[in-house]
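Asker: With the hints as your guide, set chain B onto chain A.
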Amino acid sequence: MTIEDTRPRSARYVGRSVQRVEDPRLLSGQGRYVDDITLPGMLHAAFVRSPHARARILNIDASDALALDGVVAVYTAADLAWLNPMVATGPMRDGILAHSRTPLATDVVRHVGDPVAVVLARSPYLAEDGRDLVDVEYEPLEPVLDPLAALEPDSPLVDEALGTNNISHLEESAGDVERAFAEADHVTRLRFHSGRSTAAPIECRGVVAKYEDRAGGRYTIWASTQMPHLLRMFVAPVLGVPEGRVTISSPDVGGAFGLKCTVFPEDVVIPAVAKLSGRPVKWIEDRWENLAAGVHSKDMICTMEIAAKADGTMTAFRGHFVTDSGAFSSIPFTPLVDSQCAGIYLTSCYDVRDVAYSVDNPLTNKCQIGAVRGVGWVPGQLAREVAIDQLARELGKDPVELRLQNMIGPDVYTTAFGQTYDGGSYAEALEKARDAVDYASFRERQAKAREEGRYIGVGFSPFVEPTGWATASAAAGGLPNGYYDTASVTVEPDGSVTVTTGLHSHGQGHETTLAQVTADELGVPMESVRVVFGDTDSSVFGMGTYASRSAVLGFGSIRESAGQVRDRLLRLAAILLEADPGDVELVDGVAGVKGVPGKTVPLQQIALFGYFGGTARPEDVQRDALTATSGYSPGETYANGCAAAVVEVDVETGLVEVEQLVAVEDCGVQLNPTIVKGQVAGAIANGIGVALLEDLVYEDNGEFVSGSLLHYLYPSTTEVPELDLLTIETPSAVSVGGVKGVGEAGTISAPAAIVNAIADALSPFGVVIDRTPVTPEYLRRKLRDAERTREAS
Amino acid sequence: MKPAQFDYLRPGSLAEAIEALGANPDSKVLAGGQSLIPMMNMRLARPSALVDIGRIDGLAGISANGSLRVGATTRQAEVLADATVQRRWPLITAALRHVGHPATRARGTFGGSIAHAEPAAELPAAMLALDAAFTVHRPGGTRTVAATDFFLGHYTTVLAEDELLGHVDVPALGGSHWAFAEVARRHGDYALTGVAVRLTPDADGVVTDARVALFAVSSRPVRSAAAERLLVGTRVGDAEAATAAGKVALDDIEVAEDSFVSATYRTEATAAIVRRALLEAATNPKGEN
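Protein chains in written order, with the UniProt record's numbering: chain A, 1 to 793; chain B, 1 to 289.
Bound conformation, chain A alone (with noise of 0.2 Å):
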């Protein structure tokens, strides 16, 4: 690798496009994933599910199962009993519910694709022959599939043990949002439906575990996993060993995108089954499983309303937002993930200080909500933003101006409910949007166009995504929690560098990222520098990668962490050059004297020195050597950005082409723009797929129709046009470095200005679009709508 150093000594890679170092490994076949793990004796799992939405379990006949040569056990929730609950208690808050449920499904299945035996065999193939033979008789129940009327008093109860359906009501308000609204000249009311989505990685989930009966008992398990070590705290107990007894191990992960950020049954299930058999054994989900029985995301209603004044001032927000939140309360984030993160961010880049929200969370028999990318800032994001072109037309306002109207300024700004943004470039992000889709002739345009019966239309989605999730952005974010992470870094003997982190990667590349600030930041070349993470025994504790977080707490752990050892190192140069440290400086793995050129000692020797120079070292490093561990806790990092989008509706067929989309961020400093640049274009293509393509859907008789990626569509390279990604940095004025993260950007903001570049594109007929994805049949249907009523008026 090389790369020219145009930037100052202190910050050599950071902030440039190294190369990422993991590709070869990945791109040439060398990953490891849980699927490649092999373990002699071992057995495969194939789980059965319920084929109904709510039915209950009358009985359960093995025999035939186990009479198949080749398996070796079946396993019901009769045989787990000796295993602890799975406990929801939501994110250390009060006002949800918590939620207990046993891993196998007991006496009623709540979703189709609830387990409910495992069988294990010695083949995968054997697996599933002896899944197909295990006889489950049902009594099918009335399924809750309406979350509106799952929170009637008399809907029947998907958890009876609850008492309600509805296992979550919050409602805060800031200001005074009566008045506003009864002051207002103008209040514009929309109702929205946020579709329901998912992750869809590439790599499925799977759960590799064995058990070895020493030491009290020790279980071993691989998982698919975001966040080893959070992994391992939630399983443990439900395992009823300490977290000495666990090891988790996620190696390489083949996308995650937040699904793996959830705690699931299988994740206990596998352990507890390897241990009853005696064997190792092995589950890898497949893409029916996978897409009924992992998390589902975003499927929200959302009723929002803007009081504004005559001159287009936004002078109130109201929302409500209900969240179909599926059969279970998701461990650890709870559906609450969805509808607060919709509800208490309401406000965005908004200078809007009278603002109410309220959440509700009724339980559905419908596959569980959990974390993925975007979470519910992508439904509060359509909500709001739709609502707000809508309001232009209604007021006939530029919807561009009707913002830049409205928007906060660029300096540190508390939200009316209390988030602090950390500085960004809010309407200059907007404008440099406008610009890009060279807005000025874009309805000379748009006319010619319907001229020729075509339609076209532009539409923004400026936005703001707290990222760095730690514990004060969690606060404020209204799911409070220690959020926080450690990196260790070590100089070993030799020279080279050892970085362990709790945080995990599976895509955003910190085997790169993380070497470029530990190499800043000890003044090394980045090829010394290993990162480690992925494993509880061999990584310090960690919260893990989700929610935009690891770039910020990765650099502020590691910069101090490493400048521990730095400093340990430069004392350790002195003594070793005969210098004053403070006339020492390292660079590039070699320590010298400023201003004394040939006068240099190479990290090896100092590092050799540290760990075997007796007494003439250092106390300190006599005690610790060149390791420091430290922890890091941000305060809280809101990027910002804007999306637009030109899109062109085929008015006959529905079919809607993106035209062009752009994607301004400002994730503050980057520590490496082509990251950055995936990481973006990566997160647009998912909000592609949320605005027009992605839609798990459920039959009215609560049967599961999206299991399989013929029907659970996401866009593929023809989908995506040429993605215009242009970015603004400034300068977290909180973070270690001025970083903010970066990861869901896109997918927050591309779905509403596709949304309202549809709406822009069909104004002429009336149209309002409501809900996501926009399909051909709901296109279709709006118009025909529309069309009637124009005939009977």
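For the record, the hints were derived by calculation from the structure and aren't laboratory data.
Take the hints with a grain of salt, since some may be wrong.
Under the rule of at most 30 Å between Cα atoms (straight-line distance), these lysine-lysine pairs were calculated in the BS3-like manner [stated by the list, open to error]: (1) A:LYS309 / A:LYS397; (2) A:LYS309 / A:LYS432; (3) B:LYS247 / B:LYS286; (4) A:LYS309 / A:LYS275; (5) B:LYS247 / A:LYS448; (6) B:LYS247 / A:LYS275.
Answerer: Only chain B this time, still in chain A's reference frame:
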């Protein structure tokens, strides 16, 4: 996502293949495997045996002496890339562009896509529009089936259990106007509706014979008798005729609904793409003879 147990047979000749099919009830022919294997992995298909015809000599290949002959195991990618097909039967090339993706076309076979009889597949409709004939191998000989008689319903054709599609013959149709259009959620997906049209003009540009072959609208690819009747006697490219043909295209056809779209959607969208295809047919470069 693992198939149920099955036997695997790899006959070395056509005769052996026919024998193997007859000897193994509920067996399936394995050609490119791009549809069958996923269905088996999802256990939607559980054949007792797979009869792999991939190594039988003479089943693959393209020849064009007057008419076009495509062997059943010819890869879709090979037909798509064939210059003679592009020049003389451009409708086939146009249809193939919508069949899956480069990776699936590299394995998927021309005959497999036809014999599989997925109602939303492109090639069967193209065969209807082109008056293709299929040569079927059977115990003791062969028989020929016209494309219009071949498809019965979802994944169902006239092929008996011990019969095998051998090759496809397409007549020389140079001078015909043609067009191909479909609506799909994503490029390469099975269509929500689609149409292959072919119009034979007289010297004055008046349609003397019309083929309007629809797919993804019903349980099988189907010619629209109403649209074809309406078009005969109109001028190629006549806007009114094109619109009218689109409107009647699905008359007397039972239109399918699924989790993606309603029958109403299919009817409306079909009217639009039939009209567009008929207009496009007037300007597409005609195939050579």
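Asker: Of the numbered hints stated earlier in the document, which are not met by this structure?
Answerer: 4, 6
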